[in-house]
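According to mature numbering (1 follows the signal peptide of the UniProt record, and there is no 0), the residues represented by the sequence shown are -20 to -1, 1 to 351, in order.
Honestly, the hints are just simulated from the structure, not real lab data.
Keep in mind that the hints are not guaranteed to be accurate.
So the derived label-pair ranges between C-beta atoms look like this [stated by the list, open to error]: (1) G313 with A193: 35 to 43 Å; (2) V148 with L335: 32 to 40 Å; (3) P151 with S298: 32 to 40 Å; (4) A279 with R46: 20 to 28 Å; (5) P151 with G271: 16 to 24 Å; (6) R46 with G239: 26 to 34 Å; (7) P151 with N341: 26 to 34 Å; (8) E266 with D192: 45 to 53 Å; (9) T139 with D15: 57 to 65 Å; (10) E56 with E87: 18 to 26 Å; (11) K300 with Q170: 17 to 25 Å; (12) A53 with P337: 44 to 52 Å; (13) P112 with G333: 46 to 54 Å.
As the structure is a computational prediction, the values presented were derived from the model and not from experiment.
Glycine is no exception: its CB is placed at the ideal position from the N, C-alpha and C atoms.
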Amino acid sequence: MKKRVSQAWLWILLLVVSCAAPAPTATPAPTLRSDFRVAVVLNAEGTIRDGTFNEYAYVGASQAGRDFNLEVAYRETVEDKDYPIAISAMIESGYNIIVTVGFQMQEATVTAAVNHPQVYFIGVDQLAPEAPANFVGIQFAEDQAGFLVGALAGMMTKTNVVGVVGGVEIPPVQRFVRGFVNGARYVNPQVTALSVYTTSFADPAQGREQADAMIVQGADVIFGAGGLTGSSAIVHAAAQGKYVIGVDQDEFRTTFASGKDADRILSSAVKRVDTGVYTAIRNIVERTFSGGTLTLTAASCGVAYAPFNAASSAVPDSVKARLEAIWRALAGGTLQTGAANEGDTPPEPLAPGALPPIAENAPRLSDCARS
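Sequences and hints are given; from them, build the entire structure.
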């Protein structure tokens, strides 16, 4: 009997204690700012998870949204004629920071900026000096990105012949090509660096043809810097057992996503679109926005080279260390590509095995890792 009573009192006590204990309180969600709302309008060549500029523009905007308590939305498009419609729809929905992705959206973006002076516009890979003050175009130091992968090619070649298949001969492509050539010669004075421009960014047959022409001349590492034309060139070269290098974003994730010949892509010359978009939004929120052009370099973590991925075991540690040292020298300002402008003087080649001088405060590539 006493045992039963004791057990009863124990249950009553537990019930009282549990009722008296305060319920756990949920952490309140941060209040979104009402003064800024961000919309990313994607180009028609991809989607929100395509591994290219579209995805990384949204990644950068999303990070800014988390850091500054901003609402962030996106809108996909199907064809070029959708651009002005999509931009207008997001403005009408109350978004006042509009990010558009790619040079093909520049005309629609600048037109919208003229018609909506109260809205901020961020154009990825767009250059429009005539645009109003509420527009900023994000540009990149393609010469540095090209220089880095050129150095990689110069260190990895066995035939001492490397090549770059460029797209249409416009300034960004020219900087990629000049940078690649100078980078290859910087680490390997004996190398022959072939280069060619094509007549279209979307001509796979032309890309394959130019890759074949370089392979016939002995090229065993080929860089494609020309949209679909360049990508087709490196797929074709990889299928023939050559090493290749992608452009803009990590083409291991896109062009070689199927896994076929994925061990032949050494790296890619990367433009950090996420960093550019984040920086532009931060400038708006912090009231330091000035419009015009925002140019990202190695120093601002704006250009780099992609991971070696499936080719990593084929790249010697000495090559990896030397390539990062070159990136640090570019970022720290102790090395210039000699390729930013036509007629610039290339740097003196490195001695065999030597590293470039690096400033004490130069960042490391790991400092620029994606969040």
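Results for each hint:
1. G313 with A193: 35 to 43 Å: holds (37 Å)
2. V148 with L335: 32 to 40 Å: holds (36 Å)
3. P151 with S298: 32 to 40 Å: Hint holds: Cβ distance 34 Å, inside 32 to 40 Å.
4. A279 with R46: 20 to 28 Å: Roughly 25 Å apart at Cβ, these two residues keep to the hinted range, so it holds.
5. P151 with G271: 16 to 24 Å: The hinted range 16 to 24 Å holds for P151 and G271, with Cβ atoms some 20 Å apart.
6. R46 with G239: 26 to 34 Å: holds (33 Å)
7. P151 with N341: 26 to 34 Å: holds (30 Å)
8. E266 with D192: 45 to 53 Å: holds (51 Å)
9. T139 with D15: 57 to 65 Å: Roughly 59 Å apart at Cβ, these two residues keep to the hinted range, so it holds.
10. E56 with E87: 18 to 26 Å: holds (19 Å)
11. K300 with Q170: 17 to 25 Å: About 22 Å separates the Cβ atoms of K300 and Q170, which means 17 to 25 Å holds.
12. A53 with P337: 44 to 52 Å: 46 Å Cβ-Cβ, so the 44 to 52 Å window holds.
13. P112 with G333: 46 to 54 Å: Check passed, 52 Å falls within 46 to 54 Å.
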